[in-house]
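Engineer: With these hints in hand, go ahead and build the complete structure from the sequences.
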Amino acid sequence: MNLHKSDCHENSNVILHAFDWAYSQVAERAETIRRLGYKTVLVSPPMKSFTSSNGTQWWQRYQPQDYRVIDNQLGNTKDFVHMVDTLKQHGLWVYVDVVFNHMANESSTRLDLQYPSQKDMLNY
Numbered sequence: 001m002n003l004h005k006s007d008c009h010e011n012s013n014v015i016l017h018a019f020d021w022a023y024s025q026v027a028e029r030a031e032t033i034r035r036l037g038y039k040t041v042l043v044s045p046p047m048k049s050f051t052s053s054n055g056t057q058w059w060q061r062y063q064p065q066d067y068r069v070i071d072n073q074l075g076n077t078k079d080f081v082h083m084v085d086t087l088k089q090h091g092l093w094v095y096v097d098v099v100f101n102h103m104a105n106e107s108s109t110r111l112d113l114q115y116p117s118q119k120d121m122l123n124y
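Those letters in the sequence shown? Residues 1 to 124, per full-length UniProt numbering, in order.
What the hints contain is simulated information worked out from the structure, not anything from laboratory work.
Please read all numbers here as calculations on a predicted model, not as lab measurements.
Mixed in with the good hints, there may be bad ones.
As the list claims (entries may be wrong) - Simulated DEER-style distance windows between Cβ atoms: (1) D66 - H90: 25 to 31 Å; (2) N123 - H17: 45 to 51 Å; (3) Q57 - Q25: 16 to 22 Å; (4) R68 - L122: 30 to 36 Å; (5) H82 - T40: 17 to 23 Å.
Glycine included, every Cβ here is placed at the ideal spot set by N, Cα and C.
Structural biologist: Below you can see the structure in the form of structure tokens.
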């Protein structure tokens, strides 16, 4: 993604939507983001979600496996904390895109997530 000074006015409060950018990439571009006049960066959901050596589709970040852990195709907790600290050092705010109550459907691989289970059905 190419960023240009003309993308935002110096006195505006324009948010850069760093959609599907790796957290390390956002940190590396912090100075450029600030110089271009952005005040805030919106990043993709950081929660643990499916990862693959071949990459993953953007929508998989909206199907978290665990809200307590930062680990997905864009980075891990260390990457995320470094990004936030770096943006803060450059005077930038960070917003996180998150949709609460969205969860990955892992019932085919985790039997403890199947509800109602066969046992539950027998009690009806």
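Engineer: Each hint needs a verdict: does it hold in this structure or not?
Structural biologist: Now the hints, each set against the structure:
1. D66 - H90: 25 to 31 Å: holds, 30 Å
2. N123 - H17: 45 to 51 Å: holds, 48 Å
3. Q57 - Q25: 16 to 22 Å: holds, 18 Å
4. R68 - L122: 30 to 36 Å: holds, 32 Å
5. H82 - T40: 17 to 23 Å: holds, 18 Å
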